[in-house]
Structure formats: structure tokens, C-alpha cells
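Peer 1: Next come the chains, spelled out residue by residue.
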Amino acid sequence: MENLKIGATKYTPEISFDCEKNILDIIGESYPENIAEFYAPVFKWLEQYIEQLKNDQNVTINMELIYFNSSSSKVLLDFLDILEQAVKNGKHIAVNWIYEEEDEDTLEFGEEFQEDFEILDINLVQKKG
Amino acid sequence: MVGKLYDFRQELGRQGIFFCFSGPVSQDLLVEFGDILKQKILHGESSNSIALRVFSMVVEQAQNIIHYSAEKCVKNDSEGEERELSIGIIAVGYEGEHYFVVSGNMIEEENVEGLRNRLAKLQKMDKNELKKHYKEERKKGPAITSKGAGLGFIDMAKKASKPIEFDFKKIDDKFSFFSSRTVI
Numbered sequence: 001m002e003n004l005k006i007g008a009t010k011y012t013p014e015i016s017f018d019c020e021k022n023i024l025d026i027i028g029e030s031y032p033e034n035i036a037e038f039y040a041p042v043f044k045w046l047e048q049y050i051e052q053l054k055n056d057q058n059v060t061i062n063m064e065l066i067y068f069n070s071s072s073s074k075v076l077l078d079f080l081d082i083l084e085q086a087v088k089n090g091k092h093i094a095v096n097w098i099y100e101e102e103d104e105d106t107l108e109f110g111e112e113f114q115e116d117f118e119i120l121d122i123n124l125v126q127k128k129g
Numbered sequence: 001m002v003g004k005l006y007d008f009r010q011e012l013g014r015q016g017i018f019f020c021f022s023g024p025v026s027q028d029l030l031v032e033f034g035d036i037l038k039q040k041i042l043h044g045e046s047s048n049s050i051a052l053r054v055f056s057m058v059v060e061q062a063q064n065i066i067h068y069s070a071e072k073c074v075k076n077d078s079e080g081e082e083r084e085l086s087i088g089i090i091a092v093g094y095e096g097e098h099y100f101v102v103s104g105n106m107i108e109e110e111n112v113e114g115l116r117n118r119l120a121k122l123q124k125m126d127k128n129e130l131k132k133h134y135k136e137e138r139k140k141g142p143a144i145t146s147k148g149a150g151l152g153f154i155d156m157a158k159k160a161s162k163p164i165e166f167d168f169k170k171i172d173d174k175f176s177f178f179s180s181r182t183v184i
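Chains as they are written, first to last, in the working numbering: chain F, 1 to 129; chain G, 1 to 184.
Read the hints as simulated data drawn from the structure, not as lab findings.
Watch out, some of these pointers could steer you wrong.
[Claimed, not checked] List time: in silico PhoX-like cross-link candidates among lysine-lysine, alpha-carbon distance up to 25 angstroms:
1. G:K139 - G:K127
2. G:K162 - G:K40
3. F:K128 - F:K21
4. F:K44 - G:K75
5. G:K75 - F:K10
6. F:K10 - G:K162
7. G:K38 - F:K10
8. F:K128 - G:K174
9. G:K40 - F:K127
10. G:K139 - F:K91
11. G:K72 - G:K174
12. G:K75 - F:K88
The task is simple: from the sequences and hints, build the whole structure.
Peer 2: What follows is the structure in C-alpha cells.
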């Protein structure tokens with residue numbers, strides 16, 4: 001399969017999914033007017049990727065969102081849900097939830113996602129100055 | 001009107017309002033407003049985390065107008081395609097050491113009761129109840145194909161320092177004007 005690359009805009013994040021290195025990055029801001037239109041290809045890629053993923057491969061997901069709106073928060077939950085299911089099926093996936101030093105709200109979102117998932121590894125990572 | 005514009009501006013100033021927009025609300029307006037906030041941070045008038053909260057309130061309220069306002073107009077976009085825009089009013093101010101965001105738009109009379117009940121319920125919740133409610137609603141929220149996730153008001157209530165104030169003004173048999181005020 002091919003890598004997925006979508007450049008950032010003012011209200012959508014950069015998507016950089018590398019299926020050779022098994023590193024998936026979502027970086028930037030997320031508050032599109034039409035949430036479905038933007039994320040549909042992202043979910044489609046993710047589902048195909050997990051289907052072909054072998055159990056001995058280690059996957060790293062980096063989520064570095066400076067700001068996201070409430071409907072993006074729902075999308076992120078659905079995204080993590082797919083990952084949790086994959087882990088239940090024997091895949092090895094770790095999520096880095098990256099936040100800025102003084103950004104309590106993004107940290108709190110990360111903590112709440114940790115509470116929501118049983119076996120998916122979500123690491124809270126403070127961004128270095 | 002031209003003679004009264006200064007008075008209008010003075011009145012906004014008295015209310016502590018430093019940004020006010022009335023008309024068709026678009027995503028571009030949000031980007032513009034985000035830039036105004038970044039300037040405030042640069043000049044040390046606001047911290048990064050407070051500015052992000054103000055921005056998030058503006059985004060949620062503006063997108064509520066975009067998705068749910070009952071008043072629309074049609075505009076041609078840069079590619080000449082006709083686009084429907086939603087009309088509303090949004091203002092941001094600073095009062096008593098807190099930022100606040102007020103917004104308003106027309107809604108259909110049949111949606112007034114549902115919205116009133118939802119907001120009244122949120123007003124009574126404390127921070128822990130809001131957090132729990134947010135998580136539950138997010139889990140059962142609609143599929144990705146929906147316009148929004150219906151989480152906007154809960155998110156705002158969670159981030160606000162006071163319960164969200166709201167009002168419905170009956171315009172005629174079909175429409176009411178909905179307004180809300182959130183304090184950061």
C-alpha cells in the first residue's frame with residue numbers, strides 16, 4: 001500500500017502516515033467546517049493499513065494537536081477506538097499524545113482518552129521547548 | 001446611521017467588546033479571529049492557554065451558527081460556485097478580568113424547547129458531571145457523516161468559568177432569536 005500524505009491547512013492538520021516505517025503523524029489544528037469530508041480518506045487508509053499489518057510490527061502514532069474542536073474530538077475517539085480494537089487482535093501500537101508545556105486543556109484531553117481505553121498504550125508527552 | 005456609528009462603537013467599548021461581527025459567518029472569519037488572538041498573546045495581553053480557550057469558544061459558537069442558523073444567504077465563492085452561508089452575530093470582550101464570547105442566530109421555533117432543555121441541564125452540572133456527560137455523549141455521538149458531534153455546548157460548559165447564559169427571543173410564529181454568553 002501507499003503512504004498517506006495530506007498537507008496542513010489553517011484548519012486541518014498535517015497527515016503523514018508512513019506504512020514502511022510504521023509511523024503515523026497527525027500534527028496541527030483541526031476545526032474543519034465539514035469534518036466528514038476531511039477525515040473520510042484518513043479512516044479509509046487506517047482500516048486498510050491495519051488489515052495488512054503483521055502482529056510482529058511495532059507501530060507509533062504521534063498526535064500533536066495544538067487545537068481541535070469538539071467534533072474533531074469525536075473523530076479522535078473513533079480513531080483511537082480502531083487502534084484499541086487492533087491491539088485486542090494482537091497488533092502492537094503505541095500512541096504519543098503530545099502537548100505544549102502550559103496547555104492544560106490538551107493534557108486533560110489526553111488524560112481522558114487514557115481513561116477511555118483499556119489496553120491501548122497512550123503516552124502523554126510534553127513537547128520540549 | 002452614519003452619524004451614529006461612533007456611538008455604536010463607544011457602546012461596544014463600554015461593554016468591553018473588542019471584536020464584533022454581524023453577517024454571514026464563515027470558516028475564514030475564524031482564521032481571521034485566530035490571528036487577532038495571536039497578536040494579543042504576542043503583546044503579552046493574554047497567556048497562550050487562555051487565548052486557546054477563547055479561540056475554542058469562538059470556533060464552537062461560530063460553527064453552531066454555520067451549521068444551525070435558520071437565516072441563510074447565497075454567495076459565489078472564488079471558483080464561481082454558489083455557496084450557502086449562515087447569518088449570525090458573534091462578539092468577544094473582556095470584563096472583570098475574564099474574556100467572554102456572546103453569539104446569536106435565528107432558529108426555528110420547533111427547535112427552541114429542545115435546545116432550552118439541553119442548556120438548562122448543562123447549567124445545573126458541576127465540572128465532574130460535565131466531564132462525565134461529555135464522555136458519554138462523545139461515545140454515543142453520531143457517525144462521522146453528521147454535521148457536528150453535538151458536543152459543542154458541553155465542551156464550552158466544561159471550559160467556561162461560569163454556567164453558560166442563554167436567551168430565546170420570539171420573533172414570529174416560525175422563528176426565535178437564540179443568544180448565548182460564555183465566560184472564560
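Peer 1: Give a verdict on every hint.
Peer 2: Each hint tested on the structure:
Proximity of G:K139 to G:K127 is assessed by CA-CA distance (about 18 angstroms); at most 25 angstroms being required, the pair is judged to hold. With a C-alpha separation of about 23 angstroms, the suggested pairing of G:K162 with G:K40 holds against the 25 angstroms cut-off. Using a Cα cut-off of 25 angstroms, the hinted pair F:K128 and F:K21 holds, with the two alpha carbons roughly 23 angstroms apart. The suggested pairing of F:K44 with G:K75 is violated, with an alpha-carbon distance near 33 angstroms, which exceeds 25 angstroms.
Distance restraint check for G:K75 and F:K10: the Cα-Cα separation of roughly 22 angstroms lies within the 25 angstroms cut-off, and the hinted pair is therefore satisfied. Under the criterion of a C-alpha separation no larger than 25 angstroms, the hint pairing F:K10 with G:K162 is inconsistent with the structure, at around 30 angstroms. Only pairs whose Cα atoms come within 25 angstroms are accepted, and G:K38 paired with F:K10 is accepted, the gap being roughly 14 angstroms. Proximity of F:K128 to G:K174 is assessed by CA-CA distance (about 54 angstroms); at most 25 angstroms being required, the pair is judged violated.
Between the alpha carbons of G:K40 and F:K127 the distance comes to roughly 23 angstroms, so the proposed pair stays at or under 25 angstroms and holds. About 23 angstroms separates the Cα atoms of G:K139 and F:K91, which keeps this hinted pair within 25 angstroms; it holds. Restraint check for G:K72 and G:K174: satisfied, since their Cα atoms lie roughly 15 angstroms apart, inside the 25 angstroms limit. For a cut-off of 25 angstroms, the pair hint linking G:K75 to F:K88 is broken: about 49 angstroms separates their Cα positions.
Violation of the numbered hints given earlier is confined to hints 4, 6, 8, 12; the remaining hints are satisfied by the structure.
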